[in-house]
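J.: Residues per chain are reported as follows:
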Amino acid sequence: MSQLHQMSGKSDATKREWSRFKYPQSLYKYGITLGVVLFIIYSLHYLNVDLSRLFGIFGRLGDLLANRYYPPDIEYIKDADYIGSIIETIQMAYLGALFGILISIFLGWFAAYNVSPSRRYLYPVARVVTMLFRSVHEMIWAILFVTILGFGMLPGVLALTMFSVGFAGKLFAEEIEAIHMGEVEAIRAMGGNHLQVFVYGVVPQVRVALTGIAIYTWDVAFRAATVVGFVGAGGMGWYLKRNVMQIETHRTAAILLSILILVIISEFISAWARNYVSKAK
Amino acid sequence: MAILEVRDLKASYSSSGPEILKGISFEVENDDFFAIIGPSGAGKSTLIRCINRLLEPSSGSIKLNGVDVLKLNNKELRHLRRHIGMIFQEFNLINRMSVMDNVLSGRLGYVGTLRSVLRIFSDKDIQNALMLLERVGLQDHVDKRADELSGGQRQRVGIARALMQEPTLLLLDEPTSALDPKISREVMELIKDIATELKVPVLCNIHDVQLAKETCNKIIGLQDGYKMFDGPTETLAQANLEEIYSMEVL
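Sequences listed follow chains F and X, in order. Take the first sequence: its letters are residues 10 to 290, numbered as in the numbering used here. Take the second sequence: its letters are residues 6 to 255, numbered as in the numbering used here.
If you are wondering where the hints come from, they were derived from the structure by calculation, not from laboratory data. Computed from a predicted structure; not experimentally measured. The beta carbon of each residue, even a glycine, is placed where N, CA and C say it ideally should be. Treat the hints loosely; a few may be bogus.
Under the rule of at most 35 Å between Cα atoms (straight-line distance), these lysine-lysine pairs were calculated in the DSBU-like manner [as the list claims (entries may be wrong)]:
# : chain 1 : residue 1 : chain 2 : residue 2
1 : F       : Lys179    : X       : Lys149
2 : F       : Lys179    : X       : Lys80
3 : X       : Lys129    : X       : Lys149
4 : X       : Lys149    : F       : Lys288
5 : X       : Lys76     : X       : Lys204
6 : X       : Lys15     : X       : Lys149
7 : X       : Lys27     : X       : Lys68
8 : X       : Lys80     : X       : Lys149
Covered stretches of chain X (chain F as the covering partner; in silico rule of three or more C-beta atoms under 8 Å from a C-beta of chain F) [unchecked claim]:
#  : region
9  : 183-193
10 : 201-207
Derived contacts from chain F toward chain X, CB cut-off under 10 Å, selection only [stated by the list, open to error]:
#  : residue
11 : Ile66
12 : Ala187
13 : Met190
14 : Glu192
15 : Glu194
16 : Ala195
17 : Ala198
18 : Met199
19 : Leu204
20 : Tyr209
21 : Pro213
22 : Thr220
23 : Gly221
Chain X on its own, in the form it takes in the complex:
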């Protein structure tokens, strides 16, 4: 069963500007680790930001667990977003807060506004945060400030924060581009292990094709806003890659 259905999605940054996505359709199944590959400027980040409406698509439809994402009002959208974990290229941690506060901030959508402003989190949340930090190997860095950590460690905090949301879908926006090749592999392995463990489907932007092939079971290839390839990883042939990367934009 498809958990995420995207139909004929079009998007542009301004009403008069060029169209970034020119009608993309695909489906993510329950146990997918789904990769989006393509050259810079193909629309990978735009696509992933349309799923949780950080960017408003201009037309098309997105269905998550049967809910039409594009029809939600602000409040419903916030409720939906707390079930979608997101991991970013530049980590997007709150640098001046501790690792623990960063991980706890993953619960923001669930706790009341006043409690969150005063940073009062339930004991269950605190226990879960400590457990997740242990799972990603940061048990010794709980009270450090986020900006004291190395890149790989920061991304682990990002992973723990996304998992605090108890997500039904994980969106990964180039999670490894800011990391070196060895750490990149470790981080992707970690995400894959946890996603399998918690049975969370993953939609992942990635420009490292080799890494995508190693970790993902399905791949779509974008080029200049069009979908050029869609299928299981094994069926991605050299010819497909050459087609996807044939016309470099930007």
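The following block holds chain F by itself, in its conformation from the complex:
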């Protein structure tokens, strides 16, 4: 006989009713679950996914790599012009990410509801701007700027800036919205203006997180930088496009290999840097 049984009394206590989801909520919950499942089934049916073809892709991919792309033309990527384009790519990613992060710090500040200097004007404007930059793909930015400014590094840097703003702006704003408001209240209470509230009340709390996001932004900006050249916005993407078009598969393989190596190196450096920053006080 359990302890609790004694509490309910010796007599047969009336049975109590309880369910986790009460009537109208339970209907919505199960309705939505059913809807999601039905849509998955419908989509799979509509796409007519052929499982045997799907399982065969690895075999055919191996075939393709072994017969057409192997061996990669290593001499090609040792060429001075190509090395120059790699350096250009790194410069583009660096500048794009740097400008993007600088803009994002202010944009994120304006777009954070809790500390935005003007909730009526700056907040909605900053929100819309971030959304706009986010919703446009980096390649579309690149095409746009190449059309306006012509070929070269400048449209690439601008496209990467837009991309970085869209990427980091929203993350910065979210990070700032999650701060502890006590410090902000204290600075406000002693007569600090908006910039002082930001520098003293907000920045010390988000410095580490923002640095982490900034490094991450550099990381994705670099990956984006390797392909914006596809549309003529500078960097190694142009070489990739040309060789793909000319069906120079061995050279393409070498270029892909060089991108892979560079991305891995950049990934390692940024992982190390983020780790270092997260340990910093």
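Use these hints to put chain X onto chain F, whose structure you have.
T.: Below, chain X alone, put in the same frame as chain F:
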């Protein structure tokens, strides 16, 4: 002469939400250590935040040294706020900055924006900060980070920071609730000594009635947004307390 006059103050957190303060009036004199007591949810914190307009009251009037606080524009309000020191329940220090920077930040309202961003403070401010840190007994912790200190020490930093403002009024929002009883008494004693020394009136939220009786010369009791008691500490009788705490909200 009354330094702070509050008349018929009403406040709520949203226009449609319930009214937290339902018409509060009181006066703080020049040498008062003024306590606001009452159960949780009575509106003590709301009241104190209305004084420096961290919260906008919905109606009523607040006069500080004859200036109508509720009529000030943003810039005038910031100028007024630098003369009102505030000490918080959770200290609200900048945890990732040093004790010294925290104390110096009390001068933010006075130094230019650019100078404050670059953390350039005048020699006089630095001397005053060191003196205040010595006064609150933290001379050995000047360069420590604020979050390395214990609760009592942190509140002392909060006191020094508020005093850096050279305040004409001190607002205390439950300054001792996060501290143990012994430290609470020490901190209240320290605040009282310094307030007397510098002749600064104090308006203090406190839920420890015993501590309020020990330190304050005047008390108002709030209950559910109404003022239930107003008078010198000696006149607060058991019957008043029972009335103030009779109906617990929340």
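J.: With a cut-off of 35 Å on the C-alpha distance, tell me whether lysine 129/X and lysine 149/X pass.
T.: 21 Å, holds
J.: Less than 10 Å between beta-carbons is the criterion; does tyrosine 209/F satisfy it with respect to chain X?
T.: Holds: closest Cβ of chain X sits about 6 Å from tyrosine 209/F, inside 10 Å.
J.: Take the shortest C-beta to C-beta distance between glycine 221/F and chain X; is it under 10 Å?
T.: 15 Å, violated
J.: Measuring from the C-beta of alanine 187/F to each C-beta in chain X, is the shortest one below 10 Å?
T.: Check failed: Cβ of alanine 187/F comes no nearer than 15 Å to chain X, outside 10 Å.
J.: Given methionine 199/F as an interface hint, is its Cβ closer than 10 Å to any Cβ of chain X?
T.: Because about 6 Å separates methionine 199/F from the closest Cβ in chain X, which is inside the 10 Å limit, the hint holds.
J.: So if I understand the rule, the pair passes when the alpha-carbon distance is 35 Å or less; does lysine 149/X with lysine 288/F pass?
T.: Satisfied, since the Cα-Cα distance of roughly 18 Å is no more than 35 Å.
J.: Okay, the region 183-193 of chain X and chain F, do three or more residues pass the C-beta test at under 8 Å?
T.: Coverage by chain F is violated here, the residue count being 0 at a Cβ distance below 8 Å.
J.: Compare the distance between the alpha carbons of lysine 179/F and lysine 149/X with 35 Å, and conclude whether the hinted pair is satisfied.
T.: 34 Å, holds
J.: Minimum Cβ distance from glutamate 192/F to chain X below 10 Å?
T.: 5 Å, holds
J.: Close enough to count: is the Cβ of alanine 195/F nearer than 10 Å to one in chain X?
T.: OK, holds: alanine 195/F within 10 Å of chain X, min 4 Å.
J.: Verify the interface restraint on glutamate 194/F: the C-beta must sit less than 10 Å from at least one C-beta of chain X.
T.: Check passed: Cβ of glutamate 194/F comes within 6 Å of chain X, closer than 10 Å.
J.: Check the hint pairing lysine 76/X with lysine 204/X against an upper bound of 35 Å on the C-alpha distance.
T.: 27 Å, holds
Of the hints listed earlier, those the structure fails to meet are numbers 6, 9, 10, 11, 12, 22 and 23, in rising order.
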